[in-house]
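K.L.:
Just so you know, the protein sequences line up as chains A and B, in that order.
One point on numbering: in our numbering, the residue at position 238 of the first sequence is 238, and numbering is uninterrupted.
One gets our numbering by counting positions in the second sequence from 1 and adding 485 to each.
Incorrect hints may appear among the rest.
Below are the DSSO-like pairs computed for lysine-lysine, each with C-alpha atoms no more than 30 Å apart in a straight line [to be verified]: (1) A:K459 / A:K449; (2) A:K329 / A:K286; (3) B:K622 / A:K279; (4) A:K170 / A:K449; (5) A:K459 / A:K170; (6) A:K329 / A:K459; (7) B:K805 / B:K816; (8) A:K449 / A:K279; (9) A:K459 / A:K420; (10) A:K459 / B:K622; (11) B:K622 / A:K286; (12) B:K622 / A:K60.
Computed from the model, here is a short list of chain A residues facing chain B with C-beta under 10 Å [claimed, not checked]: (13) V89; (14) R91; (15) P138; (16) P306; (17) S307; (18) L430; (19) N433.
Hint data in this document are derived by calculation from the structure and do not stem from the laboratory.
The C-beta atom is built at its ideal place from N, Cα and C for all residues, glycine as well.
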Amino acid sequence: MSNPPDAAPQTFFFDRFGLDARALESTLGAALARRADFADLYFEFRTVQGVALEEGSVKKTTHSVSQGVGVRVLAGEKTGYAYSDEVTVERLQVAAQHARQIASAAATSTSVDLRRAGGAQPHALYPVASEQVVRPLPERIALLERVDREARAFDRRITNVMASLAIEEKVVLIANSAGELVADRQPLLRLQVACIAEDGGVRHSASAGGGGRVAFDFLVDDEERALRFAREAARQAIVAFDAVDTPAGQMTVVLGPGWPGVLLHEAVGHGLEGDFNRKGTSAFAKLMGERVASELCTVIDDGTLPSRRGSLNVDDEGIPTRRNVLIEKGRLTGYLQDRLNARLMGVEPTGNGRRESFMHYPMPRMTNTFMLAGEDDPDDIIRSVDRGLYAVSFGGGQVDITNGKFVFSASEAYLIEGGKIGAPVKDATLIGNGPDVLTRISRVGSDLKLDEGIGVCGKDGQSVPVGVGLPTIRIDGLTVGGTRA
Amino acid sequence: MSASSTAIDPAEVVERVLDRARRAGATACDAVAVEAESSSTSVRLGEVETVKLSRERRLGLRCFAGASSAVASTADFDPAAVDAFAAQVVELARAVAPDPFAGLPDPSLLATEWPDLELYDPTGLELSPEERVARAKACEAAALSADPRLVNSEGADFALGAARVAYASSAGFAGSYRSTSYSLSAAPVAAEDGAMQRDYWYDASRSLDRLADPESIGRTAAARTLRRLGARPVPTQQVPVVFDPQMAASLLSHLAGAVCGGALYRRASFLLDRLGQDIASPLFTVIDDGRLPRGLASRPFDAEGTATRRTVVVERGVLKSYLLDGYAARKLSLTSTGSASRSVGDVPSASPTNFHLAAGEHAPEAIIASVPRGLYVTGLSGFGVNGVTGDYSRGASGIWIENGELTHPVEEVTIAGNLLQMYRDVEMVGNDLVFRSSIVAPTIKLRQMTVAGR
Numbered sequence: 001m002s003n004p005p006d007a008a009p010q011t012f013f014f015d016r017f018g019l020d021a022r023a024l025e026s027t028l029g030a031a032l033a034r035r036a037d038f039a040d041l042y043f044e045f046r047t048v049q050g051v052a053l054e055e056g057s058v059k060k061t062t063h064s065v066s067q068g069v070g071v072r073v074l075a076g077e078k079t080g081y082a083y084s085d086e087v088t089v090e091r092l093q094v095a096a097q098h099a100r101q102i103a104s105a106a107a108t109s110t111s112v113d114l115r116r117a118g119g120a121q122p123h124a125l126y127p128v129a130s131e132q133v134v135r136p137l138p139e140r141i142a143l144l145e146r147v148d149r150e151a152r153a154f155d156r157r158i159t160n161v162m163a164s165l166a167i168e169e170k171v172v173l174i175a176n177s178a179g180e181l182v183a184d185r186q187p188l189l190r191l192q193v194a195c196i197a198e199d200g201g202v203r204h205s206a207s208a209g210g211g212g213r214v215a216f217d218f219l220v221d222d223e224e225r226a227l228r229f230a231r232e233a234a235r236q237a238i239v240a241f242d243a244v245d246t247p248a249g250q251m252t253v254v255l256g257p258g259w260p261g262v263l264l265h266e267a268v269g270h271g272l273e274g275d276f277n278r279k280g281t282s283a284f285a286k287l288m289g290e291r292v293a294s295e296l297c298t299v300i301d302d303g304t305l306p307s308r309r310g311s312l313n314v315d316d317e318g319i320p321t322r323r324n325v326l327i328e329k330g331r332l333t334g335y336l337q338d339r340l341n342a343r344l345m346g347v348e349p350t351g352n353g354r355r356e357s358f359m360h361y362p363m364p365r366m367t368n369t370f371m372l373a374g375e376d377d378p379d380d381i382i383r384s385v386d387r388g389l390y391a392v393s394f395g396g397g398q399v400d401i402t403n404g405k406f407v408f409s410a411s412e413a414y415l416i417e418g419g420k421i422g423a424p425v426k427d428a429t430l431i432g433n434g435p436d437v438l439t440r441i442s443r444v445g446s447d448l449k450l451d452e453g454i455g456v457c458g459k460d461g462q463s464v465p466v467g468v469g470l471p472t473i474r475i476d477g478l479t480v481g482g483t484r485a
Numbered sequence: 486m487s488a489s490s491t492a493i494d495p496a497e498v499v500e501r502v503l504d505r506a507r508r509a510g511a512t513a514c515d516a517v518a519v520e521a522e523s524s525s526t527s528v529r530l531g532e533v534e535t536v537k538l539s540r541e542r543r544l545g546l547r548c549f550a551g552a553s554s555a556v557a558s559t560a561d562f563d564p565a566a567v568d569a570f571a572a573q574v575v576e577l578a579r580a581v582a583p584d585p586f587a588g589l590p591d592p593s594l595l596a597t598e599w600p601d602l603e604l605y606d607p608t609g610l611e612l613s614p615e616e617r618v619a620r621a622k623a624c625e626a627a628a629l630s631a632d633p634r635l636v637n638s639e640g641a642d643f644a645l646g647a648a649r650v651a652y653a654s655s656a657g658f659a660g661s662y663r664s665t666s667y668s669l670s671a672a673p674v675a676a677e678d679g680a681m682q683r684d685y686w687y688d689a690s691r692s693l694d695r696l697a698d699p700e701s702i703g704r705t706a707a708a709r710t711l712r713r714l715g716a717r718p719v720p721t722q723q724v725p726v727v728f729d730p731q732m733a734a735s736l737l738s739h740l741a742g743a744v745c746g747g748a749l750y751r752r753a754s755f756l757l758d759r760l761g762q763d764i765a766s767p768l769f770t771v772i773d774d775g776r777l778p779r780g781l782a783s784r785p786f787d788a789e790g791t792a793t794r795r796t797v798v799v800e801r802g803v804l805k806s807y808l809l810d811g812y813a814a815r816k817l818s819l820t821s822t823g824s825a826s827r828s829v830g831d832v833p834s835a836s837p838t839n840f841h842l843a844a845g846e847h848a849p850e851a852i853i854a855s856v857p858r859g860l861y862v863t864g865l866s867g868f869g870v871n872g873v874t875g876d877y878s879r880g881a882s883g884i885w886i887e888n889g890e891l892t893h894p895v896e897e898v899t900i901a902g903n904l905l906q907m908y909r910d911v912e913m914v915g916n917d918l919v920f921r922s923s924i925v926a927p928t929i930k931l932r933q934m935t936v937a938g939r
């Protein structure tokens with residue numbers, strides 16, 4: 001069903017909607033008909049093909065096709081945005097007229113020449129052809145059936161398995177008033193496995209999964225990732241049967257490697273987004289160059305990691321992504337910027353202008369956010385704790401960027417007693433203060449790991465795929481939201 | 486904005502795609518088309534910050550080939566594209582395993598007539614761009630002028646929209662309805678002693694003239710923000726906890742999730758197999774009303790054409806009904822409650838409509854006054870709710886209660902318990918129920934929870 005063909009994205013859009021460079025130039029000209037700083041067009045064509053298994057068979061398949069264009073005009077601190085899912089020359093003109101409402105005075109020049117400059121060269125981080133990503137439906141169904149069998153074989157108490165595979169193919173074309181015309185094709189694959197375990201009327205659930213901007217083979221390569229995710233979901237659901245009440249209060253917390261990096265995403269990542277810092281509403285505003293973490297901590301946001309879920313060849317404003325150092329040896333060194341906030345703060349954009357779809361205007365967003373490895377042996381870090389919590393798997397998190405308070409919820413955690421890992425505990429939320437928590441990090445392990453590729457970040461109602469990563473770390477004093485006071 | 490700017494009638498598109506699906510061999514099918522236009526205008530520190538206008542339309546089609554089915558969606562309403570789309574969905578349906586419970590609802594449950602639910606009031610759609618800006622500006626100005634400590638702003642936003650939904654199925658149903666929505670919010674930032682706090686307030690309504698005035702929204706946002714200044718953690722302890730109406734509604738949303746069909750037939754709900762049992766305090770009566778006049782989640786028929794209705798979910802603590810769509814009802818050998826909802830491109834599933842905790846008799850001030858020492862919760866964060874076990878642990882902020890009086894603001898604490906126990910521990914229910922969103926509740930007091938802090 002109308003998948004984007006492998007033709008060059010620009011040709012694809014021009015053919016599909018009967019457009020040419022002149023039509024885009026004329027739309028940008030209309031957008032600039034009042035005094036504006038910048039205008040851009042974002043064309044998007046996106047398909048998502050889903051299959052879902054439960055109760056042992058695939059009974060659900062979905063296929064969605066969306067397409068549209070967003071027209072944006074920037075003037076000072078103002079943004080005008082209009083979008084339409086009907087893409088015609090007429091609708092483009094109407095959208096441009098709507099978007100330019102925010103600008104007042106008449107412009108001096110409105111001519112845009114898209115053939116003049118190309119913009120910076122995009123990366124090639126996910127060079128997979130469409131047929132490597134989207135496999136025939138029977139092959140996808142067979143994979144989910146293997147996942148089901150693998151999870152059930154893990155333990156007889158696994159009573160239901162819900163597995164879903166979503167394959168997204170997005171093609172974008174970005175044209176702007178600087179004369180840049182940039183295109184990208186962005187595959188995104190995600191497998192999610194959830195298990196229900198039941199024993200004597202007591203039920204538990206757990207989920208695992210992964211993916212990235214990868215070919216289908218990513219799930220069925222030598223390592224058979226899909227089956228590993230199945231076993232992981234089953235294992236976590238079974239572990240929960242032994243969980244004891246979680247202690248409540250402040251204690252030493254050791255975070256395991258990988259997905260617990262959601263700590264960085266919530267505690268510091270959002271607070272370093274350019275919009276909040278330009279407006280002065282972030283707890284990190286005016287802390288540039290200041291010590292915000294222990295000197296063991298270097299935190300990176302890197303949109304250039306090959307095949308990663310949070311990576312992009314260009315951001316959603318057509319700027320190639322970068323490796324941005326946010327915190328270097330404890331000192332705040334960088335914010336995440338899109339074009340608007342970079343211009344208003346007098347700095348360069350950092351390739352972090354992202355949007356959920358053509359229905360949204362871009363904002364500064366994270367890509368893949370992680371902490372560099374340290375030198376400690378992870379086992380030594382656990383041995384160093386007399387009494388505390390060892391958290392290895394997390395659900396979601398949230399932050400109030402203004403007061404800096406963040407939470408994240410452990411879905412698999414253990415007591416540490418006398419330097420040894422003890423009983424598993426029930427789900428518990430951890431809460432802390434963003435500008436303060438990284439100063440309490442006293443050990444950083446050598447085992448940096450990135451997550452498996454399932455992260456979704458929400459901001460102002462917009463969801464985008466992201467990655468996180470972390471080595472094992474020790475935090476001296478974090479509040480654990482248990483029931484056992 | 487005009488709500489009828491497009492030449493293509495969603496009801497006609499739905500009829501056409503069903504006809505083509507049947508010709509392509511679908512044994513049964515249903516389709517939904519949505520057409521919507523909306524605008525939002527935000528101001529910050531007295532200046533326009535963003536103006537956003539949107540126009541969208543989507544068509545969703547579900548086709549059955551016997552007991553197998555597939556769902557797909559598209560934004561392309563071109564007749565030739567619609568025809569090809571229908572044929573492809575039928576092909577997809579043939580590729581998946583049959584499900585004996587799949588199918589359209591029993592025709593006897595379909596809505597045949599419905600009252601005017603007063604969901605559509607287009608008068609406000611004609612507001613000029615300048616008038617939209619003026620409302621947002623007035624709201625923010627009222628917030629920021631309330632106190633000199635309100636030094637910054639995340640802005641104020643005025644949004645309005647109109648939508649038309651058409652649904653039809655081969656079971657013989659065809660219907661459509663229009664709706665409008667209007668909302669206004671403000672999020673000021675306060676600073677004192679080098680620390681900042683923000684909070685927000687809003688109102689939402691089906692008609693512009695029922696929307697709270699900009700000044701009152703702004704003043705409430707200011708008061709909510711100011712009272713957070715100087716917040717600090719408290720020591721870890723077990724105390725009574727009072728939830729303000731917004732936070733009580735969040736507790737109710739977890740109940741809504743646990744009584745919806747999908748969580749039940751997947752055996753992933755802490756309320757599984759509990760129909761007819763005491764699951765909450767006798768003060769606890771919960772109603773889901775799909776036909777509440779002007780309700781923000783009201784609709785005359787659900788996403789399968791089934792008549793919507795008022796369902797008593799919990800009556801004086803006893804679980805009386807789940808919320809079910811056709812599929813979940815068949816899986817559970819129960820009857821649909823007309824609770825099917827669907828995003829255009831997905832399979833229908835049960836979800837709450839206007840889901841609310843019935844008001845009690847106590848003034849909120851009297852509830853606070855009854856607490857010798859405890860926490861008044863006005864903010865919750867994070868995702869620490871396990872829908873399978875009911876285990877609950879979330880970040881909280883609020884105001885400390887000492888001898889029945891609000892004292893200092895609290896932040897960086899968690900509250901934890903188990904939802905079943907928490908619902909049973911409800912000791913007082915307030916009289917302050919307001920329908921400002923789809924899930925609402927009055928102030929409630931819980932006997933005891935674990936507060937974790939310093």
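K.L.:
Confirm or reject each hint.
P.N.:
Status of each hint after checking the structure:
1. A:K459 / A:K449: 25 Å, holds
2. A:K329 / A:K286: 18 Å, holds
3. B:K622 / A:K279: Holds, at roughly 17 Å.
4. A:K170 / A:K449: This hinted pair holds, its Cα atoms lying about 28 Å apart.
5. A:K459 / A:K170: 21 Å, holds
6. A:K329 / A:K459: Roughly 28 Å between the alpha carbons, so the hint for A:K329 and A:K459 holds.
7. B:K805 / B:K816: 18 Å, holds
8. A:K449 / A:K279: 34 Å, violated
9. A:K459 / A:K420: 39 Å, violated
10. A:K459 / B:K622: The given pair, whose Cα atoms are some 23 Å apart, holds under the 30 Å limit.
11. B:K622 / A:K286: Distance ~28 Å between B:K622 and A:K286 Cα, so the pair holds.
12. B:K622 / A:K60: 48 Å, violated
13. V89: Interface hint status for A:V89: violated (16 Å vs cutoff 10 Å).
14. R91: 8 Å, holds
15. P138: The hint holds - A:P138 has a Cβ within 10 Å of chain B, the shortest such distance being about 7 Å.
16. P306: Given a least distance of 30 Å, the restraint on A:P306 is violated.
17. S307: 27 Å, violated
18. L430: 8 Å, holds
19. N433: This hint holds: A:N433 lies near chain B, its Cβ roughly 6 Å from the closest one there, short of 10 Å.
This entry does not satisfy hints 8, 9, 12, 13, 16 and 17, going by the numbered hints stated previously.
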